[in-house]
Amino acid sequence: MRIALFLTCVNDTMFPGTGKAVVKLLRRLGHTVVFPEEQTCCGQMHLNSGYRRECEPLVRSFAATFAGFDAVVVPSASCAGMIRELHPEVVPGLAAPPVHELTELLVDVLGVEDVGAYFPHTVTYHPTCHSLRMLGLGDRPTRLLRAVRGLELLELPGAEECCGFGGTFAMKNAGVSAAMGADKAANVRRTGAAVLAAADNSCLVHLGGGLSRDGAPVRVMHLAEILASTEEDPA
Amino acid sequence: MSGERTDVVWLGSPAFPKAAEKALADDRLRGNLRNATTTIRGKRARVVGERPDWAELRDAGAAIKDATLADLAGHLERLEAEVTAAGGTVHWARDAAEANRIVTGLVKATGETEVVKVKSMATQEIGLNEALAAEGVTAHETDLAELIVQLADDRPSHILVPAIHRNRAEIRELFARQVPGAPADLTDDPAALAEVARRYLRERFLAARVAISGANFMVAETGTLVVLESEGNGRMCLTLPETLISVVGIEKTIPTWRDLEVFLQLLPRSSTGERMNPYTTVWTGVTPGDGPQDFHLVLLDNGRTEALADEIGRSALRCIRCSACLNVCPVYERTGGHAYGSVYPGPIGAILTPQLRPDEEVSASLPFASSLCGACYEVCPVKIDIPRALIHLREKAVDAKRGHPSAERAAMKLAAWTLGNPRRLSAAQNVASLTARLPLGRPSRTWPGRRRIKRLPGPGRAWSRTRDVPSPPPQSFRRWWREEGEEQ
Ligand code: SF4
Numbered sequence: 001m002r003i004a005l006f007l008t009c010v011n012d013t014m015f016p017g018t019g020k021a022v023v024k025l026l027r028r029l030g031h032t033v034v035f036p037e038e039q040t041c042c043g044q045m046h047l048n049s050g051y052r053r054e055c056e057p058l059v060r061s062f063a064a065t066f067a068g069f070d071a072v073v074v075p076s077a078s079c080a081g082m083i084r085e086l087h088p089e090v091v092p093g094l095a096a097p098p099v100h101e102l103t104e105l106l107v108d109v110l111g112v113e114d115v116g117a118y119f120p121h122t123v124t125y126h127p128t129c130h131s132l133r134m135l136g137l138g139d140r141p142t143r144l145l146r147a148v149r150g151l152e153l154l155e156l157p158g159a160e161e162c163c164g165f166g167g168t169f170a171m172k173n174a175g176v177s178a179a180m181g182a183d184k185a186a187n188v189r190r191t192g193a194a195v196l197a198a199a200d201n202s203c204l205v206h207l208g209g210g211l212s213r214d215g216a217p218v219r220v221m222h223l224a225e226i227l228a229s230t231e232e233d234p235a
Numbered sequence: 001m002s003g004e005r006t007d008v009v010w011l012g013s014p015a016f017p018k019a020a021e022k023a024l025a026d027d028r029l030r031g032n033l034r035n036a037t038t039t040i041r042g043k044r045a046r047v048v049g050e051r052p053d054w055a056e057l058r059d060a061g062a063a064i065k066d067a068t069l070a071d072l073a074g075h076l077e078r079l080e081a082e083v084t085a086a087g088g089t090v091h092w093a094r095d096a097a098e099a100n101r102i103v104t105g106l107v108k109a110t111g112e113t114e115v116v117k118v119k120s121m122a123t124q125e126i127g128l129n130e131a132l133a134a135e136g137v138t139a140h141e142t143d144l145a146e147l148i149v150q151l152a153d154d155r156p157s158h159i160l161v162p163a164i165h166r167n168r169a170e171i172r173e174l175f176a177r178q179v180p181g182a183p184a185d186l187t188d189d190p191a192a193l194a195e196v197a198r199r200y201l202r203e204r205f206l207a208a209r210v211a212i213s214g215a216n217f218m219v220a221e222t223g224t225l226v227v228l229e230s231e232g233n234g235r236m237c238l239t240l241p242e243t244l245i246s247v248v249g250i251e252k253t254i255p256t257w258r259d260l261e262v263f264l265q266l267l268p269r270s271s272t273g274e275r276m277n278p279y280t281t282v283w284t285g286v287t288p289g290d291g292p293q294d295f296h297l298v299l300l301d302n303g304r305t306e307a308l309a310d311e312i313g314r315s316a317l318r319c320i321r322c323s324a325c326l327n328v329c330p331v332y333e334r335t336g337g338h339a340y341g342s343v344y345p346g347p348i349g350a351i352l353t354p355q356l357r358p359d360e361e362v363s364a365s366l367p368f369a370s371s372l373c374g375a376c377y378e379v380c381p382v383k384i385d386i387p388r389a390l391i392h393l394r395e396k397a398v399d400a401k402r403g404h405p406s407a408e409r410a411a412m413k414l415a416a417w418t419l420g421n422p423r424r425l426s427a428a429q430n431v432a433s434l435t436a437r438l439p440l441g442r443p444s445r446t447w448p449g450r451r452r453i454k455r456l457p458g459p460g461r462a463w464s465r466t467r468d469v470p471s472p473p474p475q476s477f478r479r480w481w482r483e484e485g486e487e488q
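Residue numbers (the working numbering), protein chains in the order written: chain A, 1 to 235; chain B, 1 to 488.
Please keep in mind that the hints were generated in silico from the structure rather than gathered at the bench.
Among the hints, erroneous ones may be present.
To be verified - Partial selection, computed: residues in chain A whose CB lies under 10 Å from chain B:
(1) L5
(2) K20
(3) V34
(4) Y51
(5) R53
(6) G167
(7) A182
(8) A186
(9) H206
(10) R213
(11) A216
By construction, the Cβ of each residue, glycine as well, lies at the ideal position given by its N, Cα and C atoms.
Okay, chain A solo, but in the shape it has when bound (with noise of 0.2 Å):
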């Protein structure tokens, strides 16, 4: 199948690695990755914080750019929630490529559970609230992380809550932001997890900076990082 990357503006100028893990893992499957240069942003940030008139420029030009593809493939549940559920909204009528965030693609369109990885360390995930209210990606991740070979997983307690990031949230309420964060750190290290996934680098950046503030020994990775992960060319 021939699918086209999504990457979003954050990946592609923070978290290159969660790219090259995406293209890496849906290559190893047999697929085809193409990565529309003209791409940027989905306005998510604009949109969320007021600014809807910047941020209609953003879902013209990523409709221009995905159209025509059969699939697309996103590694961010906020910035997928935000094309499929927001994008009709913010310009009517645009004609909308499919777009699937990363563990849908896996699970639904190409049907795999099992994507052959090899990852051995203790994971916990955290599902994101636009993964788990906004697009309902249920279980998919953490069957997915289930059939990775030497993973073990580790329950999250309190895993629905919110992590505190909310885009500009973070900075505009950072003292409620950093208290949610840090609540939801200390359930993380209660697990004693080396590895903290999810399916959004942003929440992940959050959660990830209390940690290195705070020492502790904890790696935070997207989930397409441990998928994409094999004996011979660990992550």
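Fit chain B with the ligand to the given chain A structure using the hints.
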């Protein structure tokens, strides 16, 4: 403290983030809130889970409210006609001042100087107790939690459990100090505390000749008012006195008894986590020889008509004040209700207060007091898409200030410009320019291969006060793709 209160918004309430800081520093408050909200949350989840048709009930609740709001004027006219035919008197109040004037006038006409009150959000919204006090009338709150708040000269911090920020030990101390005749050896056993309140309130009920209430619903087809409660204290107020004055927001109207059936299922499960609330009192005008013989209904607008005109914002008027959204809100759980600066705290407050009182300082910050996690929308029994409404109100806040330059606006414009074109984005991703001004720290354990950045400049400082960021990667993905990714 009570003297500072005004209608809906408490006068001088600082912007949300500032007010939240005080709450965040209060460990006892956070502990009280966490315990209380966790308990109610669990109860609600259990009883809602029992209903296989919960999704349909919610759909019905939302649909009934929307249909009613679409012809609110018509339903209100019907309601007025029915209440009047049943011997009640209907008054219309455009705003808080008018409502207070009407109620104080009615009370004074009875010659009484004391009234008992049923727990009511509408009367808090208009600051009725203060207005009565200014005219020499004392209002006694009879809901237990409301009584606690009143005795402490405090402000309510939750819609359903106004004293949620207090624990038993604090209440024991308060009763021992404030309630005449409280036993010297009062313990913090809930039964003992309830007994003190019961004795105190019983005297008020028996002496009262005027009661003031709100209502959960008004059934237009028969002109019937409905109050749901747990303690029975409301029933005492609604049945014993001679005069009953009910102040009710116009959006509480529902057309028929069939509609009421839906809400009698939605509300108790969502609010107290009960299948059915212990007391449901319904009355239609006056009934000779039974209950209050003089009944007044004050229909309150106070900003609602304006909210109704806003296509997205009007969804807030579906609210049945169950408080489920407060109990699941991670922001509310950490700040408590006072930070919202209004009688309506939590997610519903964040979308209601700015619409009812758009010009207050706190109103400008409330739509931003959310991480948009969506937990509120998930539990709301009338399916108010609170995140959607918050975004809409953010837009209104931003648009209202277009033309006024600010650091945030400049940053947002710059970001939009950069993201508007892949070549500009690519240039901005240039690592040298990204890292040049950032002091790099030790190698990061969180992000292997990257370094820790502990201090960000400008608006990033709010971030880096408690959170590191990883140093930028050696190259962006698009660079990698061009150089080696595509060919692989
Ligand atoms: S907004 Fe919904 S959940 Fe919140 S109090 Fe109103 S009805 Fe209840």
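Verification of the hints:
1. L5: Hint on A/L5: holds, closest Cβ of chain B at ~9 Å, below 10 Å.
2. K20: holds (7 Å)
3. V34: With Cβ-Cβ at 8 Å, under 10 Å, it holds.
4. Y51: For A/Y51, the interface hint holds, since the closest Cβ of chain B sits about 5 Å away, which is under 10 Å.
5. R53: Since the shortest Cβ distance to chain B is 8 Å, the answer is holds.
6. G167: Status holds, d = 7 Å.
7. A182: At about 8 Å, which falls below the 10 Å cut-off, the nearest Cβ of chain B leaves the hint on A/A182 intact, so it holds.
8. A186: With Cβ-Cβ at 13 Å, over 10 Å, it is violated.
9. H206: holds (7 Å)
10. R213: For A/R213, the interface hint holds, since the closest Cβ of chain B sits about 5 Å away, which is under 10 Å.
11. A216: Result: holds, 8 Å to nearest chain B Cβ.
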